Amino acid sequence: MSISSAVDIRQLFIASRAQLRDAAARILGCRQRAEDVVQDAYLKLADGIEELHILNPGAYLFQLVRNLAIDRHRRSAFEQQVFSPGEEALQAGSNVTPEVQAIHTQHLVLVARALDKLPERTRAAFELHRLAGKTQREVAADLGISTTLVNFMIRDAMECCRDALRVA
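In terms of my numbering, the numbers along the sequence shown are unbroken and rise by one, the last being 168.
One or more of the hints may lead you astray.
Ranges between beta-carbon positions, derived for each pair [what the hints assert, rightly or not]:
| no. | residue 1 | residue 2 | range |
| --- | --- | --- | --- |
| 1 | R75 | R121 | 18 to 28 Å |
| 2 | E138 | Q80 | 37 to 47 Å |
| 3 | D22 | E120 | 41 to 51 Å |
| 4 | R121 | D8 | 37 to 47 Å |
| 5 | R10 | E138 | 14 to 24 Å |
| 6 | A46 | R113 | 18 to 28 Å |
| 7 | A18 | E127 | 17 to 27 Å |
| 8 | D22 | V167 | 36 to 46 Å |
With a straight-line cut-off of 20 Å between C-alpha atoms, the simulated DMTMM-like cross-links for lysine to aspartate or glutamate are [to be verified]:
| no. | residue 1 | residue 2 |
| --- | --- | --- |
| 9 | K44 | E99 |
| 10 | K134 | E79 |
| 11 | K134 | D36 |
It is worth saying that the hints were derived from the structure and are not from the lab.
A quick note: this is a predicted structure, and the numbers were derived from the prediction, not measured.
Note that beta-carbon positions come from the ideal geometry of N, C-alpha and C, so glycine has one too.
My request is simple: use the sequences and hints to build the entire structure.
Spelled out as structure tokens, the structure:
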């Protein structure tokens with residue numbers, strides 16, 4: 001099936017919204033975060049649909065939502081690993097102790113130092129993608145490089161952060 005007009009693709013998106021949300025929820029395990037992903041997908045779709053030539057719009061829409069959900073899941077897992085409180089702070093009725101706060105502060109300092117050791121462009125790509133929430137395509141456009149290079153730079157920065165935390 002081939003839908004040529006952007007209006008038809010948007011209408012298909014709206015008609016498939018519940019199924020797209022369910023697909024994202026299976027990946028994320030949370031309907032609310034799945035709703036956010038579907039909204040992000042619609043905005044991404046609305047932003048550049050006139051430039052695309054889509055042969056199978058239904059499959060394209062599900063793949064778009066799937067990719068965004070996987071990205072959101074990976075980002076969330078990374079943020080939990082780096083920024084979440086330790087197990088002791090998560091227990092019911094437990095307050096974060098000064099010791100736990102000091103450990104988390106130390107981890108943040110280690111990550112910041114690790115990022116400072118990276119080349120400027122790699123650090124910028126990582127910060128734009130992970131902290132500013134830009135897509136890899138947007139980061140590539142901002143830095144004037146390919147999306148493949150952005151992907152490798154983000155991967156290298158993540159490994160650098162993980163290595164810094166492993167040493168600790």
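For each hint, the structure was consulted:
1. R75 - R121: 18 to 28 Å: 21 Å, holds
2. E138 - Q80: 37 to 47 Å: 24 Å Cβ-Cβ, so the 37 to 47 Å window is violated.
3. D22 - E120: 41 to 51 Å: 42 Å, holds
4. R121 - D8: 37 to 47 Å: For R121 and D8 the Cβ distance comes to about 40 Å; the hint holds.
5. R10 - E138: 14 to 24 Å: With Cβ atoms ~22 Å apart, the hint holds.
6. A46 - R113: 18 to 28 Å: Violated: the Cβ-Cβ distance is about 41 Å, outside 18 to 28 Å.
7. A18 - E127: 17 to 27 Å: 36 Å, violated
8. D22 - V167: 36 to 46 Å: 41 Å, holds
9. K44 - E99: 43 Å, violated
10. K134 - E79: Cα-Cα ~15 Å, so holds.
11. K134 - D36: 15 Å, holds
Checked against the numbered hints given earlier, the structure breaks hints 2, 6, 7 and 9 and satisfies all the rest.
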